[in-house]
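Enquirer: Here the protein sequences line up with chains S and R, keeping their order.
First residue of the first sequence? That's 1 in full-length UniProt numbering, and the numbers climb one at a time after it.
First residue of the second sequence? That's 1 in full-length UniProt numbering, and the numbers climb one at a time after it.
Derived by calculation from the structure, the hints in this document are not laboratory data.
Predicted model only: the values in this text are computed from it and were never measured.
Please note that the accuracy of each hint is not assured.
The list treats identical chains as one, so a pair stands whether inside a single copy or across any two.
Claimed, not checked - Listed below are the simulated DSS-like cross-link pairs for lysine-lysine, each with C-alpha atoms no more than 27 Å apart in a straight line:
| no. | residue 1 | residue 2 |
| --- | --- | --- |
| 1 | K132 | K22 |
| 2 | K200 | K221 |
| 3 | K131 | K200 |
| 4 | K224 | K150 |
| 5 | K120 | K200 |
| 6 | K101 | K225 |
| 7 | K200 | K228 |
| 8 | K82 | K18 |
| 9 | K56 | K237 |
Protein chains: 2
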Amino acid sequence: MISVVILGAGNVATHLFKGFRKADNVSVIQWFNRSLSSISSYKNEVDITDDLSKLKDADIYILAISDDAISNLSSQLPFENKLVVHTSGSVSVYDIDMKHKRGVLYPLQTFSKEANLDFKNVPICIETIDKKSYPLLKEVALSTGSPTKKVNSDQRRVLHLAAVFVNNFTNQLYRIGHEITESEGAEFDVLKPLILETAKKIQDISPYMAQTGPAKRNDKKTLKKHLKLLDNNTQHKAIYELLTASIQQTHGRKKL
Amino acid sequence: MISVVILGAGNVATHLFKGFRKADNVSVIQWFNRSLSSISSYKNEVDITDDLSKLKDADIYILAISDDAISNLSSQLPFENKLVVHTSGSVSVYDIDMKHKRGVLYPLQTFSKEANLDFKNVPICIETIDKKSYPLLKEVALSTGSPTKKVNSDQRRVLHLAAVFVNNFTNQLYRIGHEITESEGAEFDVLKPLILETAKKIQDISPYMAQTGPAKRNDKKTLKKHLKLLDNNTQHKAIYELLTASIQQTHGRKKL
Chain S
1 MISVVILGAG NVATHLFKGF RKADNVSVIQ WFNRSLSSIS SYKNEVDITD DLSKLKDADI
61 YILAISDDAI SNLSSQLPFE NKLVVHTSGS VSVYDIDMKH KRGVLYPLQT FSKEANLDFK
121 NVPICIETID KKSYPLLKEV ALSTGSPTKK VNSDQRRVLH LAAVFVNNFT NQLYRIGHEI
181 TESEGAEFDV LKPLILETAK KIQDISPYMA QTGPAKRNDK KTLKKHLKLL DNNTQHKAIY
241 ELLTASIQQT HGRKKL
Chain R
1 MISVVILGAG NVATHLFKGF RKADNVSVIQ WFNRSLSSIS SYKNEVDITD DLSKLKDADI
61 YILAISDDAI SNLSSQLPFE NKLVVHTSGS VSVYDIDMKH KRGVLYPLQT FSKEANLDFK
121 NVPICIETID KKSYPLLKEV ALSTGSPTKK VNSDQRRVLH LAAVFVNNFT NQLYRIGHEI
181 TESEGAEFDV LKPLILETAK KIQDISPYMA QTGPAKRNDK KTLKKHLKLL DNNTQHKAIY
241 ELLTASIQQT HGRKKL
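Here chain S stands alone, though its shape is the one from the complex:
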């Protein structure tokens, strides 16, 4: 049985705790948070504490805390030579104090606290400094039901950057779609099946192959009509122009 201590009380910490509950070979023996009230509802399931000096001996300590707090908290841990990992996409593994064995468990998914998460849809990217820690981290990640992927620092960094493009930026395009449709009293809901189909399509074919539309076809009449509709919103117009140019560069068309 692998013993784990979770530190932090955010979405990732909470989902990991729930994920490990179902695991046969991993046991969360303690949950630490600066403020006990955020985790007190779990006190009958697990030992909770807000006191670093009372941390139990465990195989792995998971810092599921905000990026800026990782370095500091890792130095304050009152032990050394234990495996300490963070869960961030963008923080260096070397931000963890060098007195520890260091690693990263980066779950690549969008988390909201309420929704129940199926870990089979949450790839966990694993990075370690010393090779010996890798099998243990992999076993811990797999125990939640997640697929795992071994990455190096550069790969984790670009995955986090790419995640911003396909998640945050994509969601902002949905938002702009919402604003545009509402401006004429049309319903955003009508676009929802298209949004889902666009995401489903690239599960099987590459985004390159999946591309369609006026930018790819260089359909100048439609491009012109759209730009005219966007005349009252400089920012939306700039986004239209830039992404059209990007599509045309990818597909070998001349610029707009």
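Chain S is fixed; fit chain R onto it per the hints.
Expert: Leaving out everything else, chain R in the frame of chain S:
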């Protein structure tokens, strides 16, 4: 039984033909295309023709052809006062020759010829000039299993524009994600569950509520790291900056 003639042989024409095959109250009595070879595989199911003078008498003529051909073909039709509709998101209903009763059946979805389409995921937007044609068009659209939505010209125009944002532009963000991950030998596949979850999330909550990430949090450290990673690609960097600014404008943050 409502009789329909389909004109054109592209994705929309083909999917509509297949959709009407299952309908109880709609019968496609003829399929026209300039080139018979594109539709000849259906000749045992439906009367096919490449001769406008041989068009049969029907309740509705559906021009599922390219935007630029609509005006011309509609004038060449050798009859008048019949209901003639096109299927385009961006072409005016007035592009159809005024000798006809005119309307639009705009299916709001991304079509690829191979995939089988479930019309319950294809909202059909209906526009008519005279009110009398509306119930007939609605019945025809519903017969495929589609949800329908009555729209005016302005609403159809902005829906088409918004569709470009949530479909073509989103797909280009996936493409950029692909390029970024491959640049370090990371796998794009790891992002696929996140892409699907991002699209699923806004089926239930608004894109405004669904937003997360460094731009919304104004996490300057991460934003800076990402911009540095994009230093070798001016266009990707510009897209990152513009969409970050757009998110921050939506969520009341200062500009980058």
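Enquirer: Is the C-alpha distance from K200 to K228 at most 27 Å within one copy, between copies, in both cases, or in neither?
Expert: Answer is neither; intra-copy 31 Å and inter-copy 31 Å both fail.
Enquirer: Classify it for me, K224 with K150: is the Cα-Cα distance of at most 27 Å met within a copy, between copies, both or neither?
Expert: So K224 and K150 pass the 27 Å test across copies only (25 Å; inside, 46 Å).
Enquirer: Are the CA atoms of K131 and K200 at most 27 Å apart within a copy, between copies, both, or neither?
Expert: neither (36 Å within a copy, 37 Å between copies)
Enquirer: Between the shortest in-copy and the shortest cross-copy C-alpha distance, which are at most 27 Å for K132 and K22: within, between, both, or neither?
Expert: within (26 Å within a copy, 61 Å between copies)
Enquirer: Should K101 paired with K225 be assigned to within, between, both, or neither, using CA atoms and 27 Å as the limit?
Expert: between (59 Å within a copy, 25 Å between copies)
Enquirer: Could you place K200 and K221 in one of the four classes (within, between, both, neither) given a Cα distance threshold of 27 Å?
Expert: neither (29 Å within a copy, 33 Å between copies)
Enquirer: At most 27 Å between CA atoms: does that hold for K56 and K237 within a copy, between copies, both, or neither?
Expert: neither (56 Å within a copy, 45 Å between copies)
Enquirer: Please work out whether the CA atoms of K120 and K200 approach to 27 Å or closer within one copy, between two copies, in both situations, or in neither?
Expert: Result: close both inside a copy and across copies, 17 Å intra and 16 Å inter.
Enquirer: Which holds for K82 with K18 at a C-alpha limit of 27 Å: within a copy, between copies, both or neither?
Expert: Cα proximity of K82 and K18: one copy only (23 Å, versus 63 Å across).
When each numbered hint is compared with the structure, violations occur for hints 2, 3, 7, 9.
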